[in-house]
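**Q** Line by line, the protein sequences give chains V, F and U.
FYI, the numbering for the first sequence is 1 to 579, going by our numbering.
FYI, the numbering for the second sequence is 1 to 371, going by our numbering.
FYI, the numbering for the third sequence is 1 to 312, going by our numbering.
Don't take every hint at face value.
Said to hold, decoys possible - Cross-link-like lysine to aspartate or glutamate pairs, in silico, DMTMM-like; alpha carbons within 20 angstroms at most: (1) V:K129 - V:D99; (2) V:K66 - U:E221; (3) F:K313 - U:E273; (4) V:K199 - V:D557; (5) V:K129 - U:E221; (6) V:K209 - V:E39; (7) V:K326 - F:D198; (8) V:K209 - V:E146; (9) V:K66 - U:D209; (10) V:K66 - U:D129; (11) V:K393 - F:D271; (12) V:K340 - V:E541; (13) V:K507 - V:E549; (14) V:K209 - V:E41; (15) V:K129 - V:E106; (16) V:K199 - V:E228; (17) V:K206 - V:E142; (18) V:K209 - V:E271; (19) V:K326 - F:D271; (20) V:K340 - V:D557; (21) V:K66 - V:E48; (22) V:K199 - V:D445; (23) V:K199 - V:D145; (24) V:K340 - V:E316; (25) V:K326 - U:E310; (26) U:K70 - U:E45; (27) V:K321 - V:E544; (28) V:K326 - V:D539; (29) V:K129 - V:E142; (30) V:K199 - V:D222; (31) V:K206 - V:D256; (32) V:K393 - V:D383; (33) V:K507 - V:D445; (34) V:K66 - U:D204; (35) V:K66 - U:D207; (36) V:K326 - U:D299.
Stated by the list, open to error - Computed footprint of chain V on chain U, listed as stretches where at least three residues anywhere in the stretch have a Cβ under 8 angstroms from a Cβ of chain V: (37) 214-220; (38) 298-308.
Hints in this document: simulated from the structure, not taken from any laboratory.
Using N, Cα and C, we set each Cβ at its ideal position, and we do this for glycine too.
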Amino acid sequence: MTAPASSPLFSVEHLSVAFRRRRQPSFAAVRDVSFTIDENETVALVGESGSGKSVTALAMMGLLPKYNVEMASVSRIVYRERDLLRCSDDERRRLRGADMAMIFQEPMTSLNPVFTIGYQIAEVLRLHKGMSAAAAQARCIELLDEAGLPEPRRALARYPSQLSGGQQQRAMIAMALACTPRLLIADEPTTALDVTVQKQIVELLKTLKARHRMSILFISHDLALVGELADRIIVMRHGEIREAGDTQQIFSAPRDRYTQALLQCRPRLDETPSRLPTIDDFMAASQESVEKKARALSPLTPLPPRERGTLSPLLEVDHLKKSFFKREGLWRRYEIPAVKGVSFTLRRGETLGVVGESGCGKTTLGLTLLRLHHATSGAVRFDGQDVLTLSEKAFMPYRRRMQIVFQNPYASLNPRFTVGQSLLEPILLHRMASGRQAATALAFDWLYRVGLDREAFDKYPHEFSGGQRQRIALARALTVEPELLICDEPVSALDVSVQAQILNLLKDLQEQLGVSYLFISHDLAVVRYLCDTVMVMRDGEVIETGDVESLYRNPQDAYTRQLLAAVPHSGIRGQASEA
Amino acid sequence: MTEAISSLSSTAISETHGDGKRRGFWSLACQRFRDDGVGMASLIIVAAFFVVVLLSMSGMAASGWNKEVAIHDAPPDLWGLLKPAAPTAMKSLAQRVEEETKNAAQAQSKEALPPLTVTDPLAETLQALNASEETSTAKKEKRASLPFGGDRWGRDVLSKTIKGTQTSVIVGLSAALLATFLGTLLGALAGYYGGRTDDALNWFYSVFSAIPYLLLILAVAAVLQQRGVTTVILILGLTGWAGVFRLIRAEYIKHRGRDYVQAAHAFGVPDRRILFFHILPNVSHVVLVNISILAVGFIKAEVILSFLGFGVKVDEVSWGSMLNDAQSELILGRWWELVAAGGAMALLVTAFSLLTDAMRDALDPKIQRTS
Amino acid sequence: MTAYIIRRLLQMIPTMLGVVLLLFVLFNWVGGDPAYILAGKNTGEAQIANIRHQLGIDRPAYVQIGIFIKQIVTADFGASWSTNEPVSDILKTRLGPSLTVMVPLMVLGTLLAIALSLIVARFRGSLTDRMVMVACTVGMSISILVYIIVFQYVFAYRLGWFPVQGWGDSLWKNLTTFAALPILIGLCVGLAPDLRLFRSFMLDEIDQDYVRTARAKGLSEARILWIHVLRNASIPIVTYVMAALPGLLVGAFLIERFFSIPGIGREVLLAVERSDFPVIKAITVYVAAATMLANLAADLIYKAVDPRVELK
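The task is simple: from the sequences and hints, build the whole structure.
**A** Okay, here's the thing in structure tokens:
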């Protein structure tokens with residue numbers, strides 16, 4: 001068989017992967033997936049969690065465990081006219097690291113913690129190229145330099161834990177490129193990284209691809225990010241391909257409803273719709289979901305229309321400082337400031353967004369406001385009262401008036417409590433209802449308001465999806481009718497399509513209840529959608545504060561501009577007014 | 001891959017809930033346990049041992065363990081399965097005389113036999129009492145063989161083994177409960193409060209863990225002149241909490257930073273309630289598995305203590321004291337007491353250990369058995 | 001680093017005081033009046049008072065603790081109550097035999113368990129793996145007493161391969177003849193729990209992300225196991241072995257007793273039987289001190305094998 005000139009580098013044909021389970025039918029993770037990757041082409045696999053995108057990549061690399069995986073007999077993965085699925089283990093092993101390489105989501109855990117970076121890269125070179133130790137070391141320095149790691153010579157002797165997340169991922173890339181593979185599989189390589197670092201890594205991958213004329217299979221949940229570097233995009237859901245096409249076509253004329261939904265339900269930097277469309281609006285516009293939406297929208301306690309700026313301040317924070325202490329030497333303790341004298345004001349019924357990258361102190365700020373951390377100095381006035389000086393007992397009423405919703409909905413609910421128990425506890429503790437019956441009725445009421453059924457009451461958290469759990473956490477915080485709700489990255493752990501639902505819910509609840517939000521997030525687009533004012537933080541300090549509109553349109557500080565520029569938006573901007 | 005697997009298991013969970021039943025942590029764990037064949041088998045064996053203990057405690061079994069029901073060193077017949085042929089018995093008797101003379105010289109140089117283990121005067125008077133009680137009728141009816149054989153006073157080894165089981169299980173479980181209670185309580189307080197409380201309790205822990213465990217037990221045994229089941233329970237329980245303390249403290253430190261605890265704090269839920277109502281159920285599987293691990297360890301420790309003569313009283317029976325008897329009997333070719341005591345213990349401890357493993361697997365779905 | 005070591009050494013002081021206090025309470029109050037134990041049952045009041053004065057227990061508690069601490073610092077615990085031999089001499093002469101048995105036992109046992117656990121970990125989930133694990137569980141469940149009794153009976157009494165018991169003056173003779181069977185028994189008893197534990201350390205590492213990376217690099221399974229996994233698993237193994245080190249000093253009580261090896265373990269048992277308090281106290285205090293030093297050494301080694309660890 002002679003391959004035509006246009007024969008693809010890689011072709012995946014009718015790939016079906018199922019996991020065997022105990023006493024249950026096998027779980028089909030990937031169903032009849034076919035696609036090709038041409039030479040020097042970047043193909044993106046996009047999908048939410050459980051879409052089978054990672055399993056597809058692992059199957060291509062031959063990294064799926066053997067003991068519980070079933071593959072359909074018609075499945076083929078062809079590379080250079082060889083069907084990899086029918087190669088021996090040894091043949092496949094020789095291809096891995098040499099012809100095809102892979103980088104992963106968590107660079108920290110993906111590197112071996114007890115070997116130096118240099119050792120781990122040299123290992124590949126010595127194995128596949130048979131290089132001597134000295135030659136391998138020289139090549140390592142080249143590779144690290146190419147991957148943009150500062151001081152590559154010194155980096156050789158470093159351990160992974162001595163590098164930052166971005167540097168670790170660069171080291172991973174250097175390792176993957178050691179033998180100049182024909183295909184690089186990148187499985188969510190930037191998801192664990194900050195947005196500015198993400199941009200750098202994406203740029204790096206683009207440069208390297210052009211230089212080495214290799215192909216990239218880029219796996220991501222983020223359609224906008226993929227638009228920055230992919231030639232073609234494949235959208236997956238529930239193990240199947242929903243749509244495949246050129247990047248241009250996917251963004252400008254998506255054919256599949258699911259693709260349309262993914263594009264529309266992400267908030268954007270350049271406009272603020274009053275509501276985000278949700279996945280249900282596109283997928284199954286059934287009667288039920290419309291009803292649910294209507295019920296969540298119906299105002300329970302109608303509020304008088306508010307006027308911006310005339311409202312009284314609810315929360316005034318004055319030079320709030322929080323430091324942690326670490327011991328060093330014999331007796332000395334040195335200070336690690338997390339929040340360095342932050343001041344701001346939040347008015348009733350408004351939303352203040354706190355934006356920054358990891359380690360900027362935004363989460364510590366939220367916890368310190370609620371006295372979940374002890375403040376080092378400064379003042380927090382809630383409704384005129386300095387709450388930091390109050391005794392624990394005197395602070396108790398304020399524990400009702402200030403509440404918090406956490407980032408990880410899997411961790412914020414007690415796994416041994418039913419939803420009912422979780423909701424009843426604050427209701428009874430703060431005497432929001434008299435008697436158990438009234439309390440239960442109130443709990444039902446809150447479940448209803450966040451869009452959950454009564455049946456949820458007796459269930460345990462693990463029986464719900466991430467989005468549903470976040471609704472429960474929200475309901476629990478609202479049972480005590482707080483005036484201030486601190487939302488610490490409430491949608492970051494959720495799939496894109498679920499994010500929109502929770503954001504809409506937050507917006508609806510604010511309309512109905514008049515509650516103020518302190519919205520902590522790393523995601524500038526989400527902040528833009530939800531907030532009235534924004535505060536940008538970096539290294540524990542406030543960099544810039546301002547009205548959402550003006551700050552996004554005309555950022556004053558260089559760091560703010562850098563942050564805004566790093567947000568991937570290339571594909572989406574072009575078709576803002578369509579659909 | 002871990003992501004793939006975890007998303008897989010979460011779908012598995014949501015699918016099992018398709019039938020509409022609400023399932024908490026414990027019922028899911030029970031379900032996983034029932035799927036484990038080895039675990040169920042070991043559970044049945046452990047349960048059987050518990051039934052034996054109950055029968056023994058109520059006096060329905062082995063009540064006459066210290067009666068001389070058979071001839072000296074009666075051989076085992078396993079209810080007729082083994083043939084204790086008369087000539088063999090004769091030969092063994094001859095052998096015994098021969099060996100005893102041979103060993104007499106050795107025994108003098110040998111310190112291995114502790115003074116306490118040799119026939120105790122008290123035991124002998126007790127036997128004399130028993131013997132006189134039964135008078136001549138018993139002597140006539142003395143049997144030539146017993147299912148598990150007899151010891152050197154003609155006592156039924158099977159009954160002794162049953163009584164020994166009772167001692168072991170009671171000591172093992174009670175001491176494990178005591179140690180786990182202490183370790184859990186102190187560990188929870190130290191881990192949750194941190195700061196000064198933690199420093200103080202940690203100091204207490206470091207003192208106890210600085211002394212090797214067996215040495216500590218022996219030191220306490222040296223001081224307590226009293227012997228008996230209660231003493232053994234107290235010795236083991238009061239010295240054995242340190243391991244549980246360390247584990248539970250670490251668990252509480254982990255959990256006190258979790259979001260669900262932070263959320264409870266944000267509502268102003270009182271500390272005591274967070275300690276025992278919020279966090280404790282989340283570490284209860286650790287506690288449960290630990291009781292089981294400690295029970296196994298304490299059963300082994302009790303056997304050693306009783307063997308050395310620091311355990312049960314001479315008028316009580318334990319596998320340890322049986323092994324002590326068996327040590328001198330083996331030299332004379334009487335293997336059955338050794339096999340009975342050693343075998344019963346091995347069976348119980350094996351079943352208990354496998355049960356612990358199965359429990360751990362069932363309670364911690366993250367550790368997936370790869371098969 | 002130096003600051004860390006100094007701080008850790010300083011932290012040992014309160015712990016050591018705690019051990020002293022614990023022993024003091026145990027031997028002076030819980031155990032009843034030492035004078036009666038020392039004097040025996042039928043002694044006159046005057047003689048008791050005399051003994052009390054000699055022991056110093058007629059003085060206030062803080063003075064007595066002071067005496068105890070002085071004994072520890074000067075390493076002078078007086079004479080044994082039963083043999084009148086100075087306690088320090090007892091310790092000195094008994095340490096050698098204990099180490100002769102324990103050091104080879106520990107080295108051989110650890111190496112054997114590491115090698116076997118790697119092999120078992122490679123076949124995890126297979127029938128072989130499960131059979132080995134069940135065999136380990138059964139092996140661990142048989143009392144150490146049964147091992148000793150049976151091995152001594154079979155290999156020494158019956159087959160005569162080893163001496164039944166005894167001890168000589170030459171280290172080489174002790175090692176090759178007298179300690180051989182005890183070491184063999186120790187290996188058999190210790191292998192099953194060590195193998196199980198080390199296997200679990202290996203399996204913890206095998207599921208890590210970096211193993212997937214190593215596979216993606218095209219490394220062979222053998223290299224992944226023997227280089228990447230073993231290097232990481234060595235961290236908990238080192239911790240575990242270091243924690244077991246103080247046990248060297250105490251030796252194996254039972255083995256020493258059965259084989260009449262004049263080591264510290266047998267001395268402890270004799271002392272407990274004879275209520276020889278000075279000997280027990282001295283051994284306990286020194287072993288506690290050794291344990292704390294071993295823990296410190298363990299943390300330093302931990303730092304050396306794991307680049308992630310920061311000494312605090």
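**Q** Now look at each hint and say whether the structure bears it out.
**A** Status of each hint after checking the structure:
Between V:K129 and V:D99, the direct Cα distance comes to roughly 12 angstroms. Compliance with the 20 angstroms bound is thereby established for this hinted pair. For a cut-off of 20 angstroms, the pair hint linking V:K66 to U:E221 stands: about 14 angstroms separates their Cα positions. Of the supplied pair hints, the one linking F:K313 and U:E273 holds, its CA atoms being roughly 15 angstroms apart against a limit of 20 angstroms. Restraint check for V:K199 and V:D557: the C-alpha separation of about 19 angstroms stays at or below 20 angstroms, so the hint holds.
The straight-line distance between the Cα atoms of V:K129 and U:E221 is roughly 19 angstroms, inside the 20 angstroms bound, and the hint therefore holds. Taking the CA atoms of V:K209 and V:E39, the gap is near 10 angstroms; set against the 20 angstroms cutoff, the hint holds. In summary, the hint linking V:K326 to F:D198 is supported, as the alpha carbons are separated by about 18 angstroms, within the 20 angstroms threshold. Taking the CA atoms of V:K209 and V:E146, the gap is about 12 angstroms. The hint holds against a cut of 20 angstroms.
As the CA atoms of V:K66 and U:D209 are separated by approximately 17 angstroms, the hinted pair is consistent with the 20 angstroms bound. Only pairs whose Cα atoms come within 20 angstroms are accepted, and V:K66 paired with U:D129 is accepted, the gap being roughly 17 angstroms. The suggested pairing of V:K393 with F:D271 holds, with an alpha-carbon distance near 13 angstroms, which does not exceed 20 angstroms. Distance check on the hinted pair: V:K340 and V:E541 sit about 6 angstroms apart at the alpha-carbon level, within 20 angstroms; holds.
Restraint check for V:K507 and V:E549: satisfied, since their Cα atoms lie roughly 18 angstroms apart, inside the 20 angstroms limit. Among the hinted pairs, V:K209 with V:E41 is consistent with the structure: their alpha-carbon atoms are about 8 angstroms apart, no more than 20 angstroms. With a C-alpha separation of about 27 angstroms, the suggested pairing of V:K129 with V:E106 is violated against the 20 angstroms cut-off. In summary, the hint linking V:K199 to V:E228 is supported, as the alpha carbons are separated by about 9 angstroms, within the 20 angstroms threshold.
The suggested pairing of V:K206 with V:E142 holds, with an alpha-carbon distance near 18 angstroms, which does not exceed 20 angstroms. For the given pair, V:K209 sits about 33 angstroms from V:E271 by alpha-carbon distance, which is inconsistent with the 20 angstroms threshold. At roughly 26 angstroms between alpha-carbon atoms, V:K326 and F:D271 are farther apart than 20 angstroms, so this suggested pair is violated. Annotation: proposed proximity of V:K340 to V:D557 holds, straight-line Cα distance about 18 angstroms (limit 20 angstroms).
For the suggested pair V:K66 and V:E48, the alpha carbons sit about 25 angstroms apart, so the restraint of at most 20 angstroms is broken. Of the pairs offered as hints, the one joining V:K199 and V:D445 is violated, with about 44 angstroms between alpha carbons and a cut-off of 20 angstroms exceeded. About 18 angstroms separates the Cα atoms of V:K199 and V:D145, which keeps this hinted pair within 20 angstroms; it holds. Restraint check: the Cα-Cα separation between V:K340 and V:E316 comes to about 16 angstroms, which is no more than 20 angstroms; the hinted pair holds.
Restraint check for V:K326 and U:E310: the C-alpha separation of about 12 angstroms stays at or below 20 angstroms, so the hint holds. Distance check on the hinted pair: U:K70 and U:E45 sit about 29 angstroms apart at the alpha-carbon level, beyond 20 angstroms; violated. Distance check on the hinted pair: V:K321 and V:E544 sit about 17 angstroms apart at the alpha-carbon level, within 20 angstroms; holds. At roughly 18 angstroms between alpha-carbon atoms, V:K326 and V:D539 fall within 20 angstroms of each other, so this suggested pair holds.
Of the supplied pair hints, the one linking V:K129 and V:E142 holds, its CA atoms being roughly 16 angstroms apart against a limit of 20 angstroms. The straight-line distance between the Cα atoms of V:K199 and V:D222 is roughly 13 angstroms, inside the 20 angstroms bound, and the hint therefore holds. Among the hinted pairs, V:K206 with V:D256 is inconsistent with the structure: their alpha-carbon atoms are about 28 angstroms apart, more than 20 angstroms. The suggested pairing of V:K393 with V:D383 holds, with an alpha-carbon distance near 18 angstroms, which does not exceed 20 angstroms.
Annotation: proposed proximity of V:K507 to V:D445 holds, straight-line Cα distance about 18 angstroms (limit 20 angstroms). For the suggested pair V:K66 and U:D204, the alpha carbons sit about 19 angstroms apart, so the restraint of at most 20 angstroms is met. For the hint linking V:K66 to U:D207, the alpha-carbon distance of about 14 angstroms falls within 20 angstroms, and the restraint holds. Proximity of V:K326 to U:D299 is assessed by CA-CA distance (about 19 angstroms); at most 20 angstroms being required, the pair is judged to hold.
With 7 residues having a beta carbon nearer than 8 angstroms to a beta carbon of chain V, the segment 214-220 of chain U meets the requirement of three or more and the stated coverage holds. Taking a C-beta to C-beta cut-off of 8 angstroms, the segment 298-308 of chain U contributes 4 residues in contact with chain V, enough for the three needed, and the coverage statement holds.
In summary, the numbered hints that this structure violates are 15, 18, 19, 21, 22, 26, 31.
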